[in-house]
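Participant: Chains as they are written, first to last, in this note's numbering: chain L, 164 to 451; chain X, 164 to 451.
Be careful, since some hints might not be right.
Straight-line distance between alpha carbons at most 27 Å, and here's what the computed DSS-like set of lysine-lysine pairs gives [to be verified]:
| hint | chain 1 | residue 1 | chain 2 | residue 2 |
| --- | --- | --- | --- | --- |
| 1 | X | Lys165 | X | Lys222 |
| 2 | X | Lys280 | L | Lys425 |
| 3 | L | Lys280 | X | Lys315 |
Source of the hints: derived by calculation from the structure; they are not laboratory data.
Protein chains: 2
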Amino acid sequence: MKMSLDCVTCFVRQSLDAARLVTHDLAAQERIVRDVMRWLSEHGLEHSPPVLAQLVHRKLREISQVGDPYAAVKARHNAMALDLLPELRAQIAAAADPLAMATRLAIAGNVIDMGMKSMVEEDDVRASIRHALTEPFVGEWEYYRAASAAAKSILYLADNAGEIAFDRLLIEQLGPERVTVVVRGAPVLNDATLVDAHAVGLPDITTVIDNGSDAPGTLLTECSPELQHQFAAADMVIAKGQGNFESLSGRGHDVFFLFKVKCPVIATHVGLPMGTQILRQYRQAPIA
Amino acid sequence: MKMSLDCVTCFVRQSLDAARLVTHDLAAQERIVRDVMRWLSEHGLEHSPPVLAQLVHRKLREISQVGDPYAAVKARHNAMALDLLPELRAQIAAAADPLAMATRLAIAGNVIDMGMKSMVEEDDVRASIRHALTEPFVGEWEYYRAASAAAKSILYLADNAGEIAFDRLLIEQLGPERVTVVVRGAPVLNDATLVDAHAVGLPDITTVIDNGSDAPGTLLTECSPELQHQFAAADMVIAKGQGNFESLSGRGHDVFFLFKVKCPVIATHVGLPMGTQILRQYRQAPIA
């Protein structure tokens, strides 16, 4: 998926968010935002959003000299999500269709995305849960249900910290023994890494690997050989979030994308309104 | 009022909006956004938001070689607002307190602000009207009522095109014979100029002058001598919108500011939530 000029405004906002996370010094914040703008004004914008975001956030980490600007935010989001788990797990246990309920909750967790918003609080997450439980999904439920019933191996590409606790609920329903969870290979935005997988206890119940890349998406060609092998070999691939969608959709892969439409660029690209909850494959490129 | 780094993200978004208004050529749009970002990365950010916005929009007009990127948008907003006037005028005629009703409608029109949003449609305006008729104001109603009853001369600093049709309703209630309406001296953003004052028929009922400046606010020292004289001599000054607030508040002037809080920077500055409708004087600087 090609990026839009709208993505640039988002990158400038992300650079300000990150600047504020790493320093309280206004002059230093200004320097970071200026440097990112200068860099953006000089670099090609012909990449997909995750590729440019990867470069922007590398630049941000270089300028700020902070290896993981979002570390504290991610820890807070993991803790917040973990606090919700007992209540959500009870909801799944009481549901007529536990897999559907866990899938809905997993998509609800996709609201924890610092690429889209400068702050995500518990109120936002609770609103997202209500939305996920009541609003329809656009997608291929029965196909997803059948594929997940038949699959011997499921590769689950996680998206963000905090959200990964919600993913745990779905993985518990899918059957952790056949699932491999993939996280990013290094910090970028608030995307989940091994640190976050450990924070929500995923390695205790399933296999977790990192993809070897610091892109906020899955750029297969730069992922580790192990990830590439597993991606090709898995009976089923589930990819959470916009970043994985932006990097993997329209390339002929049999991937179930599970995400909320959270920005106008994606909304235009898939031809669906903001807020839409999507569970479907996009082997060929959508509209744009 | 000092600007925030948040204003920078807004300027980048405005540059994209303006780029899309002046050309459909994606490469040209990209060039405009790049050039504005480079310019922003190299210039001092220590000004008030209207001063920097003035410079950014001069740069935008220079790069795009279009003297008034928002001309078509402004014409559309004027026409949209004029269409609403008969209905709104009837509402004022039927109101127990016509001045209060006209003031509420004037603040409702302040939603037509392309500095804040990339698009404003009739639905937004109707929602803003409903909000203005039902939500409380923060302010000094009785002082405003007394001042407007006593004033022999009222200087009314207009804000945006479209909105200026709503201002006409309030000016009709204030008594057009003692009002002088001030518009911007040259195009900037979707701010009202003499063209817009004529479009809504203001010169037929009252005196309209331009302030001699292309800032999206009122930077007194660079306004025309006539404006400066009238500002000093008027019994009462009413200033619409955030731009006039940003440039005139906290400087010891007796100005009634009438605006909606539409951005987090202003919300923090005045210590009131987004969406708040304000009618009050800020002789001294608010919180920030």
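Participant: Determine for every hint whether it applies to the structure shown.
Facilitator: How the hints compare with the structure:
1. Distance hint between X:Lys165 and X:Lys222 is fulfilled; the C-alpha atoms sit about 21 Å from each other, no more than 27 Å.
2. Taken as a hint, the X:Lys280 and L:Lys425 pair is honoured in the structure, with Cα atoms around 17 Å apart against an allowance of 27 Å.
3. A C-alpha spacing of about 49 Å is found between L:Lys280 and X:Lys315, which places the hinted pair above 27 Å, so the restraint is violated.
In summary, the structure is inconsistent with hint 3 from the numbered list given earlier, while agreeing with all the others.
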